[in-house]
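Protein chains: 2
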Amino acid sequence: MNTHHPLHLLLNPSSIAIVGANNNPMKMGTMHALSILKDGFAGTLYPVHPREKEVLGLVAYPSVEKLPVVPDLAILVVPSSEIINLVEEFGKRGTRRIIIITAGFRETGDKGKAEEERLKETAARYGIRFLGPNCMGVINTSISLNTTVMTLNMKEGRLGMVSQSGTYISQTLSYLAKRGIRFSKAISVGNSTDISLTDALEYLGDDEATTAIALYIEGIAEPKHFLEVAKRIVPKKPIVAQYVGGSIAGARASQSHTGALAASDHLYDGLFKQAGIIRVYSVEDLYGHGWMLASQPRLKGNRVAVLTNSGGPGSSMAHTCEKQGFIIPEFSPHLRKKIEPLVPPHAPCGNPVDITFSMDVEVLSRKIPEIVMESGEVDAVVLHGTMRSGFIKAIYPHIVDMLNGISLESILDMVRIDFSASASLPKKYGIPMAISSFFDFEDDFTTAYHAHDVPVYDSPEKAAIALASLLRYREILQRVENKNDVFLTEKRQFAESLLITAKQQGQTVLDEFHSKRIIASYGLPIADEVLVYGEDELQRAIETIGFPLVLKACSHTIPHKTGKGLIFLNVNSTAECLTAFRNIQTNAGQKVPVLASRMIKGEREFMVGFLRHELFGGVVLFGIGGIFAETINDVTFRLAPLSISDARYMIEDIKHAALLQSVRNLPHVDVNALANIIAVVSSIGVNHPHIQEIDINPIIIEGASPVIVDALIVLK
Amino acid sequence: MNTHHPLHLLLNPSSIAIVGANNNPMKMGTMHALSILKDGFAGTLYPVHPREKEVLGLVAYPSVEKLPVVPDLAILVVPSSEIINLVEEFGKRGTRRIIIITAGFRETGDKGKAEEERLKETAARYGIRFLGPNCMGVINTSISLNTTVMTLNMKEGRLGMVSQSGTYISQTLSYLAKRGIRFSKAISVGNSTDISLTDALEYLGDDEATTAIALYIEGIAEPKHFLEVAKRIVPKKPIVAQYVGGSIAGARASQSHTGALAASDHLYDGLFKQAGIIRVYSVEDLYGHGWMLASQPRLKGNRVAVLTNSGGPGSSMAHTCEKQGFIIPEFSPHLRKKIEPLVPPHAPCGNPVDITFSMDVEVLSRKIPEIVMESGEVDAVVLHGTMRSGFIKAIYPHIVDMLNGISLESILDMVRIDFSASASLPKKYGIPMAISSFFDFEDDFTTAYHAHDVPVYDSPEKAAIALASLLRYREILQRVENKNDVFLTEKRQFAESLLITAKQQGQTVLDEFHSKRIIASYGLPIADEVLVYGEDELQRAIETIGFPLVLKACSHTIPHKTGKGLIFLNVNSTAECLTAFRNIQTNAGQKVPVLASRMIKGEREFMVGFLRHELFGGVVLFGIGGIFAETINDVTFRLAPLSISDARYMIEDIKHAALLQSVRNLPHVDVNALANIIAVVSSIGVNHPHIQEIDINPIIIEGASPVIVDALIVLK
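Chain order of the listed sequences is A and B. Just so you know, we're using the working numbering here: the first sequence kicks off at 1 and counts up by one. Just so you know, we're using the working numbering here: the second sequence kicks off at 717 and counts up by one.
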């Protein structure tokens, strides 16, 4: 635990002052105060109120100055116009942590933005670190602290949550309680004027009570820093994130909400992959997968047992598990023999195991899972059909007449089961388990699973998909185990001079030849080529390179050559060569140098790029190249600088990654050479601040080897 | 309503006999009987029991013969060994509909399979139509008939359900009740020995009480018939289906369960698309999307309003709606002006509308939705944040002390709202609405929405995705409005003779030349070509076709030529031509005819295929062709014969459909010509029963026109 982190004191105060609470239970400030008062926080709460003598049964103080102690934390729920003065007063009083619930700053326009700046300066002057404005505050279940407006109703948990929407740590509290999902800490960061989402992530990374972290993100202000922090955390604990943004109306809604920075979904996707963050697309999965990751043991392999009391859910779980990358191994004869006596004749017991409808809940809930976990034949269990009180309640109206007035409660009392025998299996065997139940939290099996941190989902597919988040994390850990040092080559002076000269001459782009010279100076493979200024130099080019040739106009004034008669492919004779040269001059409408290159033939084309993004900084791109690049649009992004292992993952990450394999008589692509191109391009971008963009397309695979065929460098 | 359909009487009996019920409430037979007795069925139930005089308070009859009336329906829940005798007895007594709950037939192996055959014959002898065996029976909410083992707890509804898993119409009944999802009819088909899934689908298609149909499928025994039936229904009402199968363990689980026929996921996907069925991947979506489709008005366009009391859910709904194909139009100034007075200053009201946290539930639940629906600016509404009792319950523990002992119930009584004002909006305006609520069924808004058939989902993304099922149905209806007659050309005698001759000569495949002759006889575009038997014929080929040429070995003994030195591309001179011819002879190791074809150049390659599938019959394939066809694996299937509109949809349906568009200087592909190839290939397959498989790959796009470059016909 990092006790020096600004959030440490904010989440663990002994005393809290609240400004904005009164005795009207429907006022927001009061609701925040009530949560602190009623949910078990053992510290002291000091209401500040200009007129009331008593607030919620506590002595109220007329001003900050009059407070009997220096509170560790202040919570402000007053109109935005009063905030800065209050920060000033708390600053003078000596308080160093503040939660500003109040909205009405940056998100309201220019005036609010200026106010927010002034707020930041004021706090900084006093060394105050604050959360918000425009947030819901925090939850720390280990000290029963809840500063939101809703009832906590949650014991100590293991999922750390950081949210850019206050709703997801308040409106959802009863939703979470029903599902047995429990936070360790939850932090609503609001406008992140001071303490940011990344700060909160960093804190949870060091927090022993937190075993997995869930992030709700509408935009990250400092992606590079976020990446560094996340990369440090992921080897220790999993991070799952939902990113909402990158769409037109989404940006409209989101910017108007927290004023967060939205960017292309592609970029965030790349950021998450590079960081090893598991991405989800709904808040249900954010919680549900987060809880799976927080509560279950690490997965040791990809073999899953599918156990059910009904064919439909069993088939669906099996189908979904396989789609998610699990294998469902057929059980050994030895294991089958142990299960067979427990199930009806003809019931499938080779995995999936379907005990069919049965009143003997012990068999499905404990006996079979335990036999299966003991066997060593699987690494995880997904189980559908445990039920007791939910089932009995459902059929009670039908049987009540036959029971001579026995109450539902008495029946439930009669059927006693040691639920914990099933619920404690994951911990006992170190094997994760996911439960699917159509009775969800209305069944006492569910209650027991919740108490033992075993996640329960309300449909079979959902249980299987949530379980697969453990598989995703396993894949991530295997990746980060590889050497992952950032790749940076020495800066080449030749390249830097070339760029500076072009810049000084007022060029906005380098021509193809000079773009490639820079790339070649870093040792990347370029097709042999000669820049030809006049017809007399053509013969030398032919001798140097040989046929077939490609001839292209080469000038920084013509960055895009396609479709203008400026490119001649497959030139096979001196005569053709001359004709092509002359045609280029004519079509260009000016005297233009011609780049004569060896014609590279290959069936597979890729592209690599670099661009300097306003928000993300240097960004590297890899994808399918060639003339269909934009149509196919199969690209992946990472932040520069990256590691060789990042570059390799980019190559595996595109949808058409199978094209790299040996196909028909084409060899497997030299992936090391391709990864090297990506890493070096990233380094070139980082080394030379004059570069705005590097666009290498296509890289043609000749035999197994990537060769750079066209390139363009755009200056900043 | 089709009163002649075998399911009509089965679902609407006046009298039911049940065999297998006794007075033990935990026995399956008793549970089935209890459902009939207790859930409101107004007809008469006659227990048959050899020993008991009374069962569940009813007179029990010792045998079928002794029944006082001829029951319309019999339900059998006895050991499988007794089933056939009972069917016989009911047959003699005059009963013509039976539900066989009992399992233990086909799914247990060969002996069970034979028994099932005998069962079928026995029933047929008496004109009995039966459901099952190995099923849960039926639900008909319009007469409160429930033959499953679980309590119905469901008023009359509109979703028709057919399931190959009994669980999905029984174990899930309380799950459905909580979510306000109500069946019109539900039919568990079990082994489908007599009445099949398709029969049930057909019945629901004609059933006025059913406005949408949900299918849980593990395998369809008669895909062609299913397609015909579904195609007739879809223009009248939407069908949504989950298919679970096509995976290794899925098949293992599923076959052992209902013994259903599983096949490639690709084939079922094609079947659903051809039929206009909306596919889902979880039972949650099967119900949730089914209920949206059953309960909401048809969508008239793709403009959606996103209304919320919280930024997070608002952003997520907007993001998800856009991903699903909705647009979120910015409201007109006129409309904004109407909303502005209702929301706090600075609150976004241009769509999304975010009223932020507010106690005035009328604004979010009724006023704004009504203004928006009235405006004509949107076609659908998605709404998050309505809450009353759920919210009050959640904060009650915090405020109870301040309320001088006022009970929760009294508070709830004090805050009276006309919930139906919001819940009746979709019907009033004919505009669909989806609700997202974290309080789900614990809120009285939810109760009201349920009562008015407005679907409520427990997360914002789920509401948005469910709403999009209406968009999917709209797209389907637009497609089926097009002329959709099956395309079949006249059978060509030339082709038939060629096939018969080859067959008689014991060939298993046709060589490329003859395969193409058959295809060409149907008018499809083949590259000019000449079959050359000796060197002396080469010159004639050159004169006929011109350079560049392609030379390929052509023999039915060498169906696969790649990588064996049997193909020479881009042959540009007579000398090269002769060398190629000789090399082919050498590499083939035999004297072999050579096919000399015009070299077709083009950047885009597709493939079309036909195959005769054991289960699906004639199946047509379209996808990306060329040497990477298998690597890219972008294909779509349909059943033959198909329509031109089916063929066009196949072309749009592949993932790389954008390749058909104009890219750089390549023109838009002639889609009519490509669709014609698909339709004609389908027709060739249908016309000639000797064909097992047609494999056309590649079809190269030359300019805009598809040209068939290679083809192979495999004989049956």
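By construction, these hints were calculated from the structure, which means they are not laboratory data. It should be emphasised that the depicted structure is a prediction, and the values quoted were computed from it without experimental measurement. Mixed in with the good hints there might be a few duds.
Said to hold, decoys possible - Under the rule of at most 25 Å between Cα atoms (straight-line distance), these lysine to aspartate or glutamate pairs were calculated in the DMTMM-like manner:
| # | chain 1 | residue 1 | chain 2 | residue 2 |
| --- | --- | --- | --- | --- |
| 1 | B | K754 | A | E442 |
| 2 | A | K323 | B | D1369 |
| 3 | A | K601 | A | E543 |
| 4 | B | K743 | A | E340 |
| 5 | B | K1109 | A | E409 |
| 6 | B | K1280 | A | E702 |
| 7 | B | K1039 | A | D269 |
Claimed, not checked - Between beta-carbon pairs, the in silico distance windows are:
| # | chain 1 | residue 1 | chain 2 | residue 2 | range |
| --- | --- | --- | --- | --- | --- |
| 8 | B | E1330 | A | R232 | 35 to 41 Å |
| 9 | A | R664 | B | R841 | 34 to 40 Å |
| 10 | A | E496 | B | H1276 | 51 to 57 Å |
A virtual CB, placed ideally from N, CA and C, is assigned to each residue, including glycine.
Evaluation of the provided hints:
1. B:K754 to A:E442: OK: B:K754 and A:E442 at ~23 Å, within 25 Å.
2. A:K323 to B:D1369: Status holds; Cα separation ~21 Å.
3. A:K601 to A:E543: The given pair, whose Cα atoms are some 20 Å apart, holds under the 25 Å limit.
4. B:K743 to A:E340: The hint holds at about 23 Å.
5. B:K1109 to A:E409: holds (24 Å)
6. B:K1280 to A:E702: holds (20 Å)
7. B:K1039 to A:D269: With Cα atoms ~15 Å apart, B:K1039 and A:D269 stay inside 25 Å; holds.
8. B:E1330 to A:R232: 35 to 41 Å: Violated, at about 56 Å.
9. A:R664 to B:R841: 34 to 40 Å: violated (59 Å)
10. A:E496 to B:H1276: 51 to 57 Å: holds (55 Å)
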